[in-house]
Structure formats: C-alpha cells, structure tokens
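Chains A and B are the protein sequences, given in the same order.
Quick note on the working numbering: the first sequence kicks off at 1 and runs consecutively.
Quick note on the working numbering: the second sequence kicks off at 1 and runs consecutively.
Keep in mind the hints are simulated off the structure, nothing from the lab.
Be aware that one or more of the hints could be misleading.
Copies of one chain are not kept apart here, so a pair can be met inside one copy or by any two copies together.
[As the list claims (entries may be wrong)] No more than 25 Å apart at the CA atoms, straight line, and that leaves these computed lysine to any residue pairs for SDA-like:
hint, residue 1, residue 2
1, Lys77, Glu6
2, Lys125, Ser233
3, Lys77, Asp103
4, Lys77, Leu104
5, Lys125, Gln38
6, Lys77, Glu105
7, Lys124, Val66
8, Lys77, Val102
9, Lys125, Glu231
10, Lys125, Asp111
11, Lys77, Pro176
12, Lys124, Leu174
13, Lys124, Arg36
14, Lys125, Gln159
15, Lys125, Pro52
16, Lys124, Ala190
17, Lys77, Leu174
18, Lys125, Ala57
19, Lys125, Arg180
There are 2 protein chains.
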Amino acid sequence: MEHAGETPLVGILGGMGPAATVDFYSKLVAATPATRDQDHLKVMIWSDPSVPDRSMAISGEGESPVPALSRGAQALKDAGADFYVVTCNGAHAFLPEVRERVDLEYLSIVDVAAEHLGSLPHVKKAGVLATNATITAQLYQRGLRAVGVDPVLPGVEDQRTVMEAIYAVKSGTLGPTERRALIQVTEWMAAQGADIVLGACTEIPLALDPQESARPLIDPAVLLANRVIHEASSRTGSEMEAF
Amino acid sequence: MEHAGETPLVGILGGMGPAATVDFYSKLVAATPATRDQDHLKVMIWSDPSVPDRSMAISGEGESPVPALSRGAQALKDAGADFYVVTCNGAHAFLPEVRERVDLEYLSIVDVAAEHLGSLPHVKKAGVLATNATITAQLYQRGLRAVGVDPVLPGVEDQRTVMEAIYAVKSGTLGPTERRALIQVTEWMAAQGADIVLGACTEIPLALDPQESARPLIDPAVLLANRVIHEASSRTGSEMEAF
C-alpha cells in the first residue's frame, strides 16, 4: 500500500483490447515530462482481455463484464493504486456498478473528454466514433450535451462500418478497406456539421489516421493521459505537468 | 490468486525504462495468435521507473535496485502471477537476489536469448549492445559462451556511445547523432567477425533500426515475448503458439 509522501501508484485497467492498452501506456509515457527513468510515473496495468465483450453485454447477447472488471479494480486497489483509469470507453457504462463493489476512485475518460470539448468555444457539434456499447449507454451523448455540444452519431450502416474497423484492430486484420470506410464516415459527419471527430473508442486512433479524418480527430486517450499526469502530480505536490 | 484451469496470469516487471516496457508489451500482443480480445494473454505489468539505475548500482555509485525489484515481484506474486519476466536486461544481474526474497519464478531474457543463439549453427560470434550493468555483470558473456558463441564487446569509447544512445532513449532526446554512432558500433562489431548483433538492452531496438545494423539485429525482447506465449500456453494446455 502507498503511504503519504510516497510516489502515487496509477492503476490502469486494460486489455480491452490489449493493443489499445499498449497505445494508452505509450501516450502516457510520451506525455510525461521526464529526462530519466526515475522521472516517470509508477504504474500498475491490469490487462485482462478475457473481460466479456461490452457491446454484446449491453445488447443483452453476452454476459456482464462487471465481475471481471471488479476483479481488476480490486487487484489495483490491493496493490496500492491511488486511483485508476480504464482504457476502454465502452467499459465506462459498467463502472458505476464496479464502483459499488470496489471502493477505488477512477478518472472517467468520458468526463475528461467532455470537459475538454466544453472548453473549446468553436466546437458546437462533435462526431462520435464509438462502439455500440458506448452509444447504447449514451455515454458521450449525455457527456457532450451536458457541456453544450451536440453529438453527431453515425447512421445504422455507418455504425456497422465503425464496428468492423474496431473489431479488425482487435483481430489484427485491419486493412485499407476498413480504413477507407472509416474516413468516409468522418466525411459524412463533416457534412452533418461536425466541427471535430471524437475517437471515442480506444481502437479508433489505431484505425484512423488523424491526417485523413475529414475533421480534426480528438483522441480522448491523449486527454486522459494528460489528466493522469496532472492528477498524479497534484498528489505528490510536485511540479510535474504534462507536455 | 490463480487456480487450476484458469487462464494463467503473466507478470511483467517493467519501468526500466517505461518506453521499453511499452515496446515489450507491444511485441507480446503482436506475437499472440488472436482474432479477438479474449484470445490474448492476461497480463499484469508492474512498471516502477523509480528502481535505482542498474549501471550505477553495479559500479558501486548508486543504491541497490534489489529492494524496489523485490517489491515489484511481490506485488506480481500477491496478485496471482504464475511467473514473471523483467523487461530490463541489466536488472537480471540482481534477480537471483530478488528470487531469494520473493518465491516467484521468472523467465530470464538472457537465458532465452542465449538458448536461441545456441540453436543457430551459423552464429559463432555475437556483438553485444548492452548497458554497463549487463556487461559488468557478464550476463551475456557467460550466457553466450555456455552455448559456444563468442561475445564481441565494444571498446571503452564505443561502450560510452552505446550508453549515450540508451540514455537518450530514456530521456526522449534520441537524435540522428546517437543513431549514427550506434550504427558505427555495429560496423566495428562486423569488422571483428560478429555474425549477428544482439540488442541486449531493451532500449536498443528503440534506437537502432534493424535495417541499418551492419549485421542482423537480434532482439531478445522478441524472443522473450515468444517464450512467454509458449510458457503460458503450456500452463493452460491450449494450442496457443507464437506466430
């Protein structure tokens, strides 16, 4: 367990999928102002890819991810994590339930992203590229409307395209067809008046080149990485600030 | 804790440095035969960048990393890890001592790499790009000679070049000068008759493009990732084999 004055331990609950977990940790390391190993954050990653599929669960076609997520959160708490983040947007639909079982604070990727968009005066409409789980749970619809931003959601066919790209990342089979189709979805979002596109699934930045998105692509994982650094810094009282 | 029949939990003791830990986990994910999240390994990463510098410790100029490494190994054991790996070659100089304190098996990156080279009949001499810690502890000199391979070590000046490149990766300041200097070290190794070059520090693959190495670059981290998959597979009795 951590004690006062010690470096905080940041918990990362990942594995959903593992490539997105690698990507998030990579962004966290890159955003940390450090000139040597010892300047970096102390992190524990619990990467459990066996967590049941969030989109299947929310549509009632699969088992609940809550027990597996709770085991992960408990492992992070037992090891002394001060707080944790979950590198899967869709999993956030289940976190309030996890929080009832495991008394450990988490920083929500949805809250961090919504707060950021709310601070950008030019953003009135945001395209949301996310899994069925995230959309069905209305995570970003609620989060964005609360800060005065209108969500632009894909139609049924485009949503299928988004899911195909996400699952292609998870299966390691992503190719030019999925990439191109995803770009077309961003073009449709731009036509609907979206000012930016939110990569609201941690696999999206692995499938969509920001240069090719029809509107600026905002990656909630990058925002979360910066918030983690800020939060860890405020707990040590150090001067660490994200780049 | 894990029980019979459950998926094994792979422990990764990292943070030395964090970028090398990201790199190792990325290689592990890439090498895993998977078509969906749930096919991937369950992993716990303890990433503690505050572990005292291994090269400083071995030269008597810094404190021992054994207590910090032992805390990490204990956290992995407490969380139910079946075995663990350490994503830092130099830290292996201290692992026998850690093993006396924490009763959890580890797979040695040095053993895995030496065994692999011993199985390649054309490899008689291997250039070793490593930190001062790894070289002073003679980790690869002993490991390679045990399998009939002669290590080719850089001279004092070249070793300083290698260390500069490694610390530039750790500080995020790696540039063309360090990259070029490292390539020249591989050219010198080739002139000494090295058949391959061993990237025997987990930062080396982040600093040296395999295409630019004067001899084929062998990355012990890739070999270790494949061994981890094989080991986890043998513990589940599944058919999982590394790509």
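Here is what the structure says about each hint:
no., hint, result
1, Lys77 / Glu6, "both (16 Å within a copy, 22 Å between copies)"
2, Lys125 / Ser233, "neither (32 Å within a copy, 48 Å between copies)"
3, Lys77 / Asp103, "both (8 Å within a copy, 22 Å between copies)"
4, Lys77 / Leu104, "both (6 Å within a copy, 21 Å between copies)"
5, Lys125 / Gln38, "neither (41 Å within a copy, 35 Å between copies)"
6, Lys77 / Glu105, "both (9 Å within a copy, 24 Å between copies)"
7, Lys124 / Val66, "neither (34 Å within a copy, 54 Å between copies)"
8, Lys77 / Val102, "both (8 Å within a copy, 21 Å between copies)"
9, Lys125 / Glu231, "neither (28 Å within a copy, 49 Å between copies)"
10, Lys125 / Asp111, "within (17 Å within a copy, 56 Å between copies)"
11, Lys77 / Pro176, "neither (41 Å within a copy, 43 Å between copies)"
12, Lys124 / Leu174, "neither (31 Å within a copy, 40 Å between copies)"
13, Lys124 / Arg36, "neither (41 Å within a copy, 36 Å between copies)"
14, Lys125 / Gln159, "within (18 Å within a copy, 55 Å between copies)"
15, Lys125 / Pro52, "neither (32 Å within a copy, 48 Å between copies)"
16, Lys124 / Ala190, "within (12 Å within a copy, 60 Å between copies)"
17, Lys77 / Leu174, "neither (35 Å within a copy, 36 Å between copies)"
18, Lys125 / Ala57, "neither (29 Å within a copy, 55 Å between copies)"
19, Lys125 / Arg180, "within (23 Å within a copy, 47 Å between copies)"
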